[in-house]
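The residues making up each chain are set out below.
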Amino acid sequence: MSDYLSTTERETREMLDKIGVKSIEELFEDIPADMKLKKLNLPEGKSQQETMEIMTALSKKNKVYDVILRGAGSYDHYIPSMVKNLSSRSEFITAYTPYQAEMSQGILQAIFEYQSMICNLTGMDVSNASVYNGANAAAEAMLMCCEKNRKTFVTFNNIRPDTLKVLNTYAHRRGITVKVIDAVKGVSDIASLKKELNDTSACVYIEQPNYFGLIEDAEEIGKAAHEAGAKFVMGCNPIALALLKSPAECGADIAVGDAQPLGLPMSFGGPYVGFMACTTKEMRKMPGRIVGETTDHDGNRAYVLTLQAREQHIRREKAFSNICSNQAYCALVASMYMSAMGPEGMAEVANACVSYAHYLAEGLESAGLKLKYRGDFFHEFVTECDKPADKIIKALDKAGILGGLKLSANEILWCATETLSKADIDRAVEVVRRVK
Amino acid sequence: MNLIFEISEKGKRCATIRTPDVKAAKINKKYLRAEKPELPEVSEVDFSRHYTALSRRAFGVDNGFYPLGSCTMKYNPKINEEVAALEGFTRIHPLQDVKTVQGALEVMDTLSCSLAEITGMDAVTLQPNAGAHGEYTGLLLIAAYHAARKDFKRTKVIVPDSAHGTNPASAVMAGFEIINVPSDEKKGVDLKALKAVVGDDTAALMLTNPTTLGLFEKNIKEISKIIHNAGGLLYYDGANLNAVMGVVRPGDMGFDVVHLNLHKTFSTPHGGGGPGSGPVGCKKELAQFLPNPRVEKTEKGYKFVNGAKSIGKVASFYGNFGVYVRALAYIVALGAEGIKAAAQHAVLNANYLKVNIEDLYPTEKGRHCMHEFVVSMQELKDKTGVSAMEIAKTMIDRGYHPPTMYFPLIIHEALMFEPTETENKRTLDEVIAALREIYEEAFKDPEYMKSAPHHAQIGRPDEVKAARQPVVRYVKQ
Chain A
0 MSDYLSTTER
10 ETREMLDKIG
20 VKSIEELFED
30 IPADMKLKKL
40 NLPEGKSQQE
50 TMEIMTALSK
60 KNKVYDVILR
70 GAGSYDHYIP
80 SMVKNLSSRS
90 EFITAYTPYQ
100 AEMSQGILQA
110 IFEYQSMICN
120 LTGMDVSNAS
130 VYNGANAAAE
140 AMLMCCEKNR
150 KTFVTFNNIR
160 PDTLKVLNTY
170 AHRRGITVKV
180 IDAVKGVSDI
190 ASLKKELNDT
200 SACVYIEQPN
210 YFGLIEDAEE
220 IGKAAHEAGA
230 KFVMGCNPIA
240 LALLKSPAEC
250 GADIAVGDAQ
260 PLGLPMSFGG
270 PYVGFMACTT
280 KEMRKMPGRI
290 VGETTDHDGN
300 RAYVLTLQAR
310 EQHIRREKAF
320 SNICSNQAYC
330 ALVASMYMSA
340 MGPEGMAEVA
350 NACVSYAHYL
360 AEGLESAGLK
370 LKYRGDFFHE
380 FVTECDKPAD
390 KIIKALDKAG
400 ILGGLKLSAN
410 EILWCATETL
420 SKADIDRAVE
430 VVRRVK
Chain B
0 MNLIFEISEK
10 GKRCATIRTP
20 DVKAAKINKK
30 YLRAEKPELP
40 EVSEVDFSRH
50 YTALSRRAFG
60 VDNGFYPLGS
70 CTMKYNPKIN
80 EEVAALEGFT
90 RIHPLQDVKT
100 VQGALEVMDT
110 LSCSLAEITG
120 MDAVTLQPNA
130 GAHGEYTGLL
140 LIAAYHAARK
150 DFKRTKVIVP
160 DSAHGTNPAS
170 AVMAGFEIIN
180 VPSDEKKGVD
190 LKALKAVVGD
200 DTAALMLTNP
210 TTLGLFEKNI
220 KEISKIIHNA
230 GGLLYYDGAN
240 LNAVMGVVRP
250 GDMGFDVVHL
260 NLHKTFSTPH
270 GGGGPGSGPV
280 GCKKELAQFL
290 PNPRVEKTEK
300 GYKFVNGAKS
310 IGKVASFYGN
320 FGVYVRALAY
330 IVALGAEGIK
340 AAAQHAVLNA
350 NYLKVNIEDL
360 YPTEKGRHCM
370 HEFVVSMQEL
380 KDKTGVSAME
390 IAKTMIDRGY
400 HPPTMYFPLI
410 IHEALMFEPT
420 ETENKRTLDE
430 VIAALREIYE
440 EAFKDPEYMK
450 SAPHHAQIGR
460 PDEVKAARQP
470 VVRYVKQ
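Protein chains in written order, with numbering that gives the first Met the number 0: chain A, 0 to 435; chain B, 0 to 476.
If you're looking for bench data, these hints aren't it; they were derived computationally from the structure.
If you're wondering where the values come from, they're calculated on a predicted model, not measured in any experiment.
The beta carbon of each residue, even a glycine, is placed where N, CA and C say it ideally should be.
Some clues are possibly wrong.
To be verified - Calculated lysine to any residue pairs in the SDA-like style (CA-CA distance at most 20 Å, straight line): (1) A:LYS60 <-> B:GLU105; (2) B:LYS28 <-> A:GLU347; (3) B:LYS308 <-> A:GLU347.
Unchecked claim - Which chain B residues stay away from chain A? Per the calculated CB distances, all over 10 Å, these: (4) LEU2; (5) HIS163; (6) HIS227; (7) GLU295; (8) VAL304; (9) GLU336; (10) GLN476.
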């Protein structure tokens with residue numbers, strides 16, 4: 000058995016003597032005897048080596064693909080060595096929330112830098128220190144926007160299904176209506192939107208690029224939202240933001256998204272990190288931790304958790320959100336990624352995604368698949384085809400390639416990133432071509 | 000030290016990627032941003048030194064004693080980090096065919112079953128991303144349970160005044176009204192007050208046991224009876240499970256729903272504020288409402304199933320999977336006896352620290368504490384002017400992380416110590432000596448303590464200025 004205790008039997012004895020009890024059991028005397036458990040029905044503890052063997056064996060029951068053509072909310076990107084190495088320092092890993100500013104300046108400054116990078120990427124004024132993931136960021140934005148007389152959240156059926164599910168969960172018990180409008184040709188349609196908007200609309204939410212990979216005409220959507228007195232919330236892929244108009248340029252009041260593409264592995268869906276940024280006007284309604292700059296009593300620059308009057312530990316039932324633990328470590332990794340890549344590197348990654356995605360789309364078209372939507376796309380796109388999606392994906396799987404995600408019997412959502420090469424794509428296209 | 004933006008020089012590069020070997024595709028200009036985002040431009044050596052410097056200004060469990068009450072800052076085993084980084088766990092896509100991720104589903108199922116056993120619950124979801132998120136999820140289960148019985152009057156959640164702030168905040172997010180109940184003179188739930196507020200509008204009572212004062216709620220059976228007789232459910236805030244795991248189970252105390260914090264009790268690291276993980280367990284009557292999807296073990300292997308009566312999803316995909324891998328490695332290593340031993344030694348360490356300082360740092364008399372205890376520095380403050388906060392700041396000067404301050408709210412000048420089971424006697428003896436000296440210092444030189452810390456990274460920060468004139472991002476001068 001392993002344990003992580005560091006007291007010898009002799010020391011335990013001395014401690015019990017000092018406390019004035021004969022055994023550790025005596026310390027639990029307040030617990031009614033008939034309630035106590037005899038023994039947990041769990042296996043005996045294992046040595047460190049056995050634990051490693053057991054966990055490694057579990058990891059080997061998962062298939063790791065050489066080539067990944069699937070995204071849909073989880074993206075395979077190159078993770079720079081320096082990000083992996085520096086983020087593994089145990090001072091970062093084993094620290095708690097930086098409540099004690101005087102001994103946590105490193106964590107606080109790292110969060111302040113993360114907030115600054117998210118602001119610069121989105122063009123917004125204020126970022127929080129992170130929330131759980133992109134879907135939860137959208138849900139928190141929904142709660143920020145809904146007011147007494149404006150309780151309808153308006154969106155389209157081209158957002159990520161997981162996000163919609165989480166929005167519905169959060170809306171249900173708060174009397175919020177989630178109105179989902181049909182997209183036209185895959186994109187959010189202004190005319191349909193205008194018909195839906197009225198003085199009960201709290202906000203309009205779109206994703207950029209949307210679930211089908213298409214680039215939205217976000218500025219027009221934002222204008223329509225504002226004309227109706229509603230807020231405009233954009234859910235963005237942060238890699239795409241290296242190239243695309245920022246949410247601020249599109250008139251967004253709140254920008255959210257999942258920062259997983261910024262240096263976090265796919266890891267079967269988590270931990271990821273939701274980013275949230277807003278205009279100064281919305282700042283005091285923003286959930287979660289925010290780090291601010293101030294000075295200490297000698298006038299030196301210092302960082303602290305600030306605007307805490309918004310938060311649960313002060314406001315209890317009057318808080319804007321219940322969030323306490325966030326995804327700070329993942330936010331640190333994301334900020335390291337942005338620092339390691341810089342504006343040029345981020346743009347190169349984004350451009351590589353666009354180029355490989357378009358090359359893959361052309362290849363698949365040559366292999367008999369059709370692009371379902373004709374709009375501009377970033378690094379994902381949907382195909383339709385007479386060949387069953389299952390057959391295509393199975394054939395790719397045999398070749399060690401994780402194909403796109405099946406959306407329906409004949410539709411597949413594909414993704415390409417900078418991890419691919421021409422040879423990988425050519426090979427995948429050949430496999431698809433041969434599917435009967 | 001400088002911000003990374005302040006050491007940035009245009010044209011510097013750090014990480015680089017392969018040039019694409021296909022024709023460059025371009026996005027329509029009308030969608031492009033006017034300027035590239037202003038992100039740092041640094042060389043690799045600048046990068047490494049910057050983040051190393053930041054890490055040296057951070058304080059983790061590996062740096063020293065961290066008795067932050069209610070947060071269970073136990074040691075985070077290194078093997079957990081290594082197994083979580085295995086390619087078979089990190090490089091798998093959440094939407095892979097379940098046949099290709101049987102190991103991942105087995106991790107989730109084994110962990111869920113282990114947590115069900117530890118808590119005495121019938122079913123567990125791992126999906127919530129943190130403790131507060133677990134509370135929210137658990138309360139949605141309770142709402143769904145009452146709604147399914149067409150018991151629509153149950154709109155109120157009762158919360159003791161000693162509860163964590165997340166309890167009332169989560170209940171409001173889940174659409175409930177809050178009823179606060181006071182504590183009695185023994186710092187337990189005031190039964191009379193509880194009886195006065197329960198009724199056919201009671202959805203649930205949220206309770207931490209041991210309570211936030213580190214004391215076992217002796218009246219738990221009576222409380223359970225009062226709530227259940229009124230038709231309500233009993234919710235267990237698992238923040239303090241480390242005191243009792245393997246000794247007594249929430250399910251056997253009468254609780255119907257529990258949330259746990261893998262980042263407290265099950266040794267996964269806090270990472271400067273997260274990621275956490277807040278699994279929720281429940282009794283079988285509530286299992287049908289758990290979030291989708293759930294993992295099910297069949298003869299043909301593991302699969303995901305979606306229940307028709309589920310409250311839906313509370314997070315993307317399946318939650319913080321990487322955290323599950325670490326927690327499972329911890330449970331595998333400890334096993335049945337190791338888990339109990341962890342609780343026992345957590346309680347032993349807390350009591351040892353308590354008996355050695357309680358003459359100076361007064362706490363609840365005549366009882367053993369559980370894994371943590373709360374002292375009140377009111378008397379010291381009255382005599383010397385030195386507050387709980389100033390004691391905390393003086394601890395920083397001595398290289399210790401302070402305990403939790405000013406919580407729970409019902410104790411004046413509160414300091415909450417939770418040493419955890421992984422501290423050794425030598426460390427505790429050093430801390431005891433330091434705390435006794437600090438107490439003396441408050442009488443000898445109170446003015447010096449009032450301006451502590453003196454040897455930290457910074458002096459006392461101006462928090463009022465930070466909130467009144469918020470500077471929350473770097474702006475180029």
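Verification of the supplied hints:
| no. | hint | result |
| --- | --- | --- |
| 1 | A:LYS60 <-> B:GLU105 | 9 Å, holds |
| 2 | B:LYS28 <-> A:GLU347 | 16 Å, holds |
| 3 | B:LYS308 <-> A:GLU347 | 46 Å, violated |
| 4 | LEU2 | 6 Å, violated |
| 5 | HIS163 | 8 Å, violated |
| 6 | HIS227 | 16 Å, holds |
| 7 | GLU295 | 17 Å, holds |
| 8 | VAL304 | 15 Å, holds |
| 9 | GLU336 | 6 Å, violated |
| 10 | GLN476 | 13 Å, holds |
When each numbered hint is compared with the structure, violations occur for hints 3, 4, 5 and 9.
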